[in-house]
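Chemist: Residue strings, one per chain:
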Amino acid sequence: METNKFKKWREKVLKPFITINGERKSIFTTLSNQKIESTYNNQGDPKEEFPGEYPYTRGIYPSMYRSRLWTMRQYSGFSNPEKSNERFKHLLEQGQNGLSVAFDLPTQIGYDSNNEIAQSEVGKVGVPIDTLADMETLFKDIPLDKISTSMTINATAPILLAMYVALAKKQNVPLEQLRGTLQNDILKEYIARGTYIYPPKESMKLITDVFEYCSKTLPKWNPISISGYHIREAGSTATQELAFTFSNAIEYLNSALKAGLSIDEFCPQISFFFVAQNNLIEEVAKYRAARRIWAKITKEMFKAKNPKSSMLRFHVQTAGVTLTAQQPDNNIIRSTIQAMAAVLGGAQSLHVNSKDEALGLPSENSAVISLRTQQIIALESGVADTVDPLGGSYYLEKLTDDIENEAFDYINKIESIGGALKALETQFQENEIEDSAYVFQQELENQERYMVGVNTFQEESTENITFQKVSRREIQQQIKKLGSVKKNRDMKKVDESLRKLEKIANTKDNTMPAIIEAVESYSTIGEISDIFRKVYGEYSPTY
Amino acid sequence: MDNNEIRVLIAKPGLDGHDRGAKVITRYLSEQNIKTKFSGIRKTPEQITELAAKMDANIIGISILSGAHLELVAELFDCLYKKEMDHVKILVGGIIPESDKEALNSLGVKGVFGPGTSLEEIELSIRNAHGE
Chain A
232 METNKFKKWR EKVLKPFITI NGERKSIFTT LSNQKIESTY NNQGDPKEEF
282 PGEYPYTRGI YPSMYRSRLW TMRQYSGFSN PEKSNERFKH LLEQGQNGLS
332 VAFDLPTQIG YDSNNEIAQS EVGKVGVPID TLADMETLFK DIPLDKISTS
382 MTINATAPIL LAMYVALAKK QNVPLEQLRG TLQNDILKEY IARGTYIYPP
432 KESMKLITDV FEYCSKTLPK WNPISISGYH IREAGSTATQ ELAFTFSNAI
482 EYLNSALKAG LSIDEFCPQI SFFFVAQNNL IEEVAKYRAA RRIWAKITKE
532 MFKAKNPKSS MLRFHVQTAG VTLTAQQPDN NIIRSTIQAM AAVLGGAQSL
582 HVNSKDEALG LPSENSAVIS LRTQQIIALE SGVADTVDPL GGSYYLEKLT
632 DDIENEAFDY INKIESIGGA LKALETQFQE NEIEDSAYVF QQELENQERY
682 MVGVNTFQEE STENITFQKV SRREIQQQIK KLGSVKKNRD MKKVDESLRK
732 LEKIANTKDN TMPAIIEAVE SYSTIGEISD IFRKVYGEYS PTY
Chain B
109 MDNNEIRVLI AKPGLDGHDR GAKVITRYLS EQNIKTKFSG IRKTPEQITE
159 LAAKMDANII GISILSGAHL ELVAELFDCL YKKEMDHVKI LVGGIIPESD
209 KEALNSLGVK GVFGPGTSLE EIELSIRNAH GE
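Line order of the protein sequences matches chains A and B.
If you count the first sequence from 1, position 7 lands on 238 in the working numbering, and the numbers rise without skipping.
If you count the second sequence from 1, position 132 lands on 240 in the working numbering, and the numbers rise without skipping.
Treat the hints with care, as some may be off.
[Claimed, not checked] A few chain A residues that face chain B, going by a derived Cβ cut-off under 7 Å, partial list only:
1. Glu-352
2. Leu-590
3. Ser-594
4. Tyr-669
Simulated from the structure, these hints should not be mistaken for laboratory data.
Just so it is clear, CB atoms sit at the ideal spot from N, CA and C, and this is done for glycine as well.
Sequences and hints are given; from them, build the entire structure.
Modeler: Shown next, in the form of structure tokens:
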């Protein structure tokens with residue numbers, strides 16, 4: 232028997248959504264040809280929840296992956312722009328539908344490739360971008376209006392966004408068509424990831440400039456991806472991952488409001504980024520709890536009216552820390568379980584790690600296996616054929632409630648300290664994460680928790696696997712290229728644009744237009760960052 | 109200072125900010141009553157040498173996950189040599205490809221630890237390196 236509540240949801244929410252968005256198949260069936268319904272409910276339960284309805288525990292869209300699968304977005308970039316461009320094109324040919332750029336550390340911290348401090352790190356963990364010329368090479372033959380691009384960049388995010396905008400102009404792509412995401416989440420850099428440059432308050436100013444610029448100029452662009460991923464990888468628990476991420480989110484919302492944006496203008500552009508760890512059901516519960524927490528924060532704390540403001544859109548990456556150098560093939564299995572958690576939890580996009588990442592950079596071959604893992608889950612496993620397939624499990628529902636409640640306790644605690652920014656200045660989050668990491672390591676050492684191949688079922692032999700190497704030659708090419716770009720640019724324009732930028736950085740005005748002008752004159756990432764270093768100073772934590 | 113006392117500086121050279129392992133090891137060694145300090149992230153080989161001199165460290169434990177280990181460890185050896193601190197022994201942990209272990213050992217590194225190494229094993233290697 233259908234309840235009225237269910238009927239109402241089907242007629243008023245599900246059907247209109249499907250009319251607009253369609254479904255992947257006219258009928259979904261099991262391998263035994265039983266019809267699969269859009270969603271299954273414990274009808275009549277007073278706590279009954281529906282996908283696509285506040286607080287979105289079961290998913291932000293009424294038909295989720297039945298209408299559209301998640302975006303398969305493998306994070307990549309290494310050596311130099313030429314090589315990374317080849318890898319991008321290969322992944323797109325293999326059926327990937329979004330790009331995700333990994334930048335090297337000098338680019339992330341605002342140093343040119345020829346800076347002495349950067350020399351040994353050029354091209355190691357991502358692609359080096361010194362000037363707009365590198366961006367042109369990186370996206371050669373990739374039309375920016377046809378793809379969406381995610382960029383893992385924080386302290387130098389405004390500069391990389393400026394380069395992307397400048398490139399779009401060169402490709403004659405209207406800016407309102409640009410789709411993508413800038414990580415731009417500096418708070419978690421102080422808490423867990425470490426690629427900060429300027430002091431927190433000054434960094435927040437730059438981030439708010441990006442918010443404001445995107446809201447006016449790039450309507451389809453996510454100006455921030457608030458990240459729990461690195462907090463968890465640094466050792467936090469699942470609950471801390473959510474709590475610290477949403478405390479940061481509250482801080483960003485407050486700063487956006489202060490800059491004059493309205494909550495319903497800004498919230499729909501915010502995206503999130505979480506990890507998928509090994510404990511499958513806990514992770515699914517975490518994503519469900521996350522949607523509920525965000526819905527409540529936006530609606531109850533910030534009085535958002537637009538339903539889109541309360542819908543949590545998030546990217547997931549499988550957990551780097553669970554990968555083992557021992558018996559590396561096992562990492563494919565771990566990543567598959569983790570990817571399943573992301574899909575069962577309703578992620579909007581996904582990256583699956585490669586088996587060789589506890590040893591070095593992934594080879595092309597293992598990067599493709601990661602993409603295939605996603606395709607197998609999407610097209611063969613059947614878990615994408617009904618919405619929130621695990622919803623209603625006693626265990627899952629209890630865990631969802633528990634994680635939500637515990638996370639809110641933490642969020643309230645941080646609010647009582649004075650918010651995420653105040654808390655991180657006293658290293659509150661950092662210390663909490665460190666404690667959790669230490670407890671976990673001790674549990675491993677005492678065999679209260681297991682890692683197969685590491686503290687149980689060890690094998691003697693170490694496997695010899697091939698992975699991507701970055702050659703000295705490729706780094707030299709990058710430095711040479713930078714030299715020739717610098718030689719051929721109009722120095723008058725460079726000087727003018729940098730002087731202008733410095734002037735604006737000293738005011739409260741938005742810095743984005745001046746940054747765009749600077750990158751268009753082929754000023755380097757180091758030159759632009761140095762202007763901000765001069766005006767804002769550099770952050771150094773106390774240990 | 110007591111020459112038999114082990115004094116360890118856990119240090120992160122280069123630009124990589126992943127300090128989970130470094131912090132866990134610092135805390136563990138301290139709990140084993142080994143005098144241990146953490147440098148913080150993003151230190152140059154010169155800064156690490158300075159910090160080591162300041163605490164009269166006889167062991168430096170390098171933690172690095174960015175792939176820049178060969179260059180940075182070689183530089184650190186040079187810095188220590190210039191400051192006449194070549195008695196200081198270096199151990200390295202992080203994402204280190206098998207093929208690079210040999211190269212690190214031939215630079216003079218006294219132990220290389222990949223992911224999954226137990227804390228006890230690291231402690232033992234430090235004690236052995238110190239006793240040599």
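Chemist: If a hint holds in the structure, say so; if it doesn't, say that too.
Modeler: Going down the list of hints, with the structure as the test:
1. Glu-352: Holds - the Cβ of Glu-352/A comes within 7 Å of chain B, reaching about 5 Å at its closest.
2. Leu-590: holds (5 Å)
3. Ser-594: violated (12 Å)
4. Tyr-669: Hint on Tyr-669/A: holds, closest Cβ of chain B at ~6 Å, below 7 Å.
This entry does not satisfy hint 3, going by the numbered hints stated previously; all others are met.
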